[in-house]
Amino acid sequence: MNLSTILCPLDFSAASAGLVAYAAALAVATGAELRLLHVCEPQEDPTGQQPDAKVFGSCKGRMQDLRNAAEAAGVTLVHTGMVRGEAAPEIVAEAERQQADLIVIGAHGQTGLTRFLMGTTAEIVLRTARCATLLVRAPLQPETAAAQA
Numbered sequence: 001m002n003l004s005t006i007l008c009p010l011d012f013s014a015a016s017a018g019l020v021a022y023a024a025a026l027a028v029a030t031g032a033e034l035r036l037l038h039v040c041e042p043q044e045d046p047t048g049q050q051p052d053a054k055v056f057g058s059c060k061g062r063m064q065d066l067r068n069a070a071e072a073a074g075v076t077l078v079h080t081g082m083v084r085g086e087a088a089p090e091i092v093a094e095a096e097r098q099q100a101d102l103i104v105i106g107a108h109g110q111t112g113l114t115r116f117l118m119g120t121t122a123e124i125v126l127r128t129a130r131c132a133t134l135l136v137r138a139p140l141q142p143e144t145a146a147a148q149a
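Just so we're aligned: 76 in this note's numbering is position 76 of the sequence shown, and the numbers increase by one with no gaps anywhere.
Because the hints were derived from the structure by calculation, they are not lab data.
Careful: at least some of the hints might be erroneous.
Pair by pair, the computed Cβ-Cβ distance ranges are [as the list claims (entries may be wrong)]:
{"#": "1", "residue 1": "Glu71", "residue 2": "Phe12", "range": "29 to 35 Å"}
{"#": "2", "residue 1": "Gly74", "residue 2": "Arg127", "range": "20 to 26 Å"}
{"#": "3", "residue 1": "Arg84", "residue 2": "Ala29", "range": "17 to 23 Å"}
{"#": "4", "residue 1": "Gly31", "residue 2": "Ser58", "range": "28 to 34 Å"}
{"#": "5", "residue 1": "Gln99", "residue 2": "Asp65", "range": "23 to 29 Å"}
{"#": "6", "residue 1": "Lys60", "residue 2": "Ala29", "range": "25 to 31 Å"}
Glycine is no exception: its CB is placed at the ideal position from the N, C-alpha and C atoms.
The task is simple: from the sequences and hints, build the whole structure.
Shown next as structure tokens:
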């Protein structure tokens with residue numbers, strides 16, 4: 001497998017650490033750079049205010065922790081990024097901007113009517129991305145992710 005860039009979008013759910021471990025193992029095995037991405041979706045509070053810089057700062061801290069985990073797993077080139085917007089289109093756009101060969105994205109197991117009516121971010125990315133997309137089911141523990149990759 002010839003991969004040069006792996007994009008791993010993160011939502012900071014409980015499965016994020018396992019997802020990073022899985023993507024990191026793939027990056028180490030292929031020598032690819034790993035790009036971790038978080039999309040801050042637009043949210044307004046009842047007063048119409050946008051989330052403050054404190055929330056954005058918290059996201060930066062979480063991203064740094066996940067970057068440290070990828071580096072500890074042996075990835076030599078890790079980049080992080082945060083963008084604002086709708087998750088699925090921003091992930092696909094970032095994959096194109098970075099010329100990603102692979103997107104490693106988590107699936108949260110949404111089923112039934114909710115999935116039918118809304119779709120999921122992972123499904124939309126799977127359908128619209130031009131590069132290969134690996135859908136990883138949650139929950140994935142970091143120690144088993146590295147062993148599976």
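So, going through the hints one by one against the coordinates:
1. Checked against the given bound of 29 to 35 Å, the beta carbons of Glu71 and Phe12, roughly 18 Å apart, lie outside it.
2. Range check, Gly74 to Arg127: about 32 Å between beta-carbon atoms, so the 20 to 26 Å window is missed.
3. For Arg84 and Ala29, the hinted distance range of 17 to 23 Å is not satisfied, since their beta carbons lie about 33 Å from each other.
4. For Gly31 and Ser58, the Cβ-Cβ distance of about 32 Å falls inside the hinted range of 28 to 34 Å, so the restraint holds.
5. Checked against the given bound of 23 to 29 Å, the beta carbons of Gln99 and Asp65, roughly 27 Å apart, stay inside it.
6. For Lys60 paired with Ala29, a C-beta distance near 28 Å keeps the hint of 25 to 31 Å intact.
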